[in-house]
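Novice: If you read the sequences in order, they're chains Z and G. Numbering of the first sequence is given in my numbering, commencing with residue 211 and proceeding in unit increments. Numbering of the second sequence is given in my numbering, commencing with residue 162 and proceeding in unit increments.
Because the hints were derived from the structure by calculation, they are not lab data. Treat the hints with caution; some may be incorrect.
Unchecked claim - Derived list of chain G stretches under chain Z, where covered just means 3 residues or more per stretch with a C-beta under 8 Å from a C-beta of chain Z:
1) 247-261
2) 274-280
Stated by the list, open to error - A partial selection of chain Z residues facing chain G, derived with a Cβ cut-off under 8 Å:
3) V392
4) Y393
5) E395
6) S396
7) M397
8) E398
9) V400
10) G401
11) Q406
12) F409
13) F410
14) P415
15) V417
Ideal Cβ placement from N, Cα and C applies to all residues, glycine included.
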Amino acid sequence: MNVLSYKKNRMSTLPSKRDRASALPYKGGRYLRYLLPLGVLGVLTWLSSMVCHTNWASLAKGIHESLPYFKNLLAPDWSALSSLLKPALDSVLIALVGTFAGTLIAVFFALSAASNVAPRPVRFIVRALMGIERALPEIVILLFLVAAFGMGPFSGVLSLTIGCVGMLGKLLADAIEELDPVYIESMEAVGARKVQVLFFGVIQPIVPTIVSYGLFRFEMSIRLSIVLGAVGAGGIGMELYRAFSLYEYPRASMALLLILVLVFLSERGAAYLRKKYFT
Amino acid sequence: MIEVRHICKTLPGGRRVLDDLSFTVRKGEFVGVLGASGAGKTLTLRCLNGLLKPDSGSILIALPGGGVEDICKVPSRKLRQIRQRIGVVFQGYHLVKRLTVLENVLVGRLGQISTFRSLIYGFKDKEAEEAVAALEKVKVAHLAGARVSSLSGGEMQRVAIARAIFQNPHLLLADEPISNLDPSNAKVIMRLIRPLCEEMPVIGVFHQPEMTAKYCTRIIAIKEGRIVYDGQPVLTQEQLIDIYGEELRQIENHNHERPVL
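This is chain Z alone, in the form it adopts within the complex (with noise of 0.2 Å):
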């Protein structure tokens, strides 16, 4: 080595100028790492913005045109309770029956996507086909099923379903993943069957996290079946729908007040059932 070729080497060592400057505190510098960013940032959303015709005139016309609505929807229609509970209750089945065939079916695609259960290839397909899925929102999956299937509850329940395959399936191949080694070992070391391995070694000790997502993802779903129900899936999502079409805002908003109670009931409830039986 070389006089040269050494100084060079030992230079590459030490700290760069920059870096010297970045490690001292209150330094100018320091502070114009984050303002530049920021500034881009700002002026991205300025020109955003002004695309999209957005502008704080736009707002204040918006808000001060919309307070009628408003006060519509603080008088909810009563007398309508009775006609909305029956398109409430299928919402929720909706939810229901998506949420608990899409859990089973996301426990089989977990385990043929985990990479201590399954073989390298039927790994790849099966999380390239979660992938593909995840990357569909539900109500672009529902668009695809309404086509196919016709509108009503069964296309939604069929975009719920899938949209937890996806969602569960990669979750739970993650968890399957992060399960310790020793519960298979122990299966495998009493002689039992790769069948008997994959439950007692592999889905029993999930079993919480399975329920836990499952009920997580039942959340989701009560309030994904409101939106389904307004593209096509009926439910209570469609009477909003139909009832904001047809200026019915007091209908409107008891269809609002009785998913908001939906929504919290299935919060309430699956936080109960999470801390009763599963902690």
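Got chain Z; can you put chain G on it based on the hints?
Specialist: Frame of chain Z, contents of chain G only:
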């Protein structure tokens, strides 16, 4: 009877962890395998159960119905059948924590019943009674309905032994069964394992020479994948230093009042 003949194992990195190991263990023997960490004790035990396949050599095991099989050469189906009658007690207990004590013991016979029955029907009352009897042997029958997650380390290890007994094994392997336990619990576990050697060969990996001296009938010491001692359970200080290395002597020099081992 289990006979190990010239087994060798090299890890993917090229390190030879088992180097021409040979020994035979018969019914009535409680063999304690000693050696420093990384010497190859646990690997040997895993080979005996077929959880790990040696690169060469053979492991002959006498089957309960008569006949001898080489674990290294049998197809996976046969290996599964052989494993059904090999009890294994692991250092980390290897119990499913969210299942009850009784369910964990019943798991011991999982391989001996059909898949359909294990998934749909479950175990019969007679099998459950036998499982409770196994728990009684290790004195934790009163915990049969408790979840394993609520047990102490000593209790969990007793459940693991009950599971191995419930398998009705013809060979018992114990991988550091007392490493996680306090001295009092360790003694209890050793007293539970010791009488089992009257019914089957028992091989255990230990890190406590004083325990093996007291409870084992024979000691095999492994160093760098080779057997360096095979004989009576009482080892001299020099033999222990030979097995565990010179560090042991240095520790001893710091402790004049009472020897470490």
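Novice: Could you work out which earlier hints the structure fails to respect and list their numbers in ascending sequence?
Specialist: The structure breaks none of the hints.
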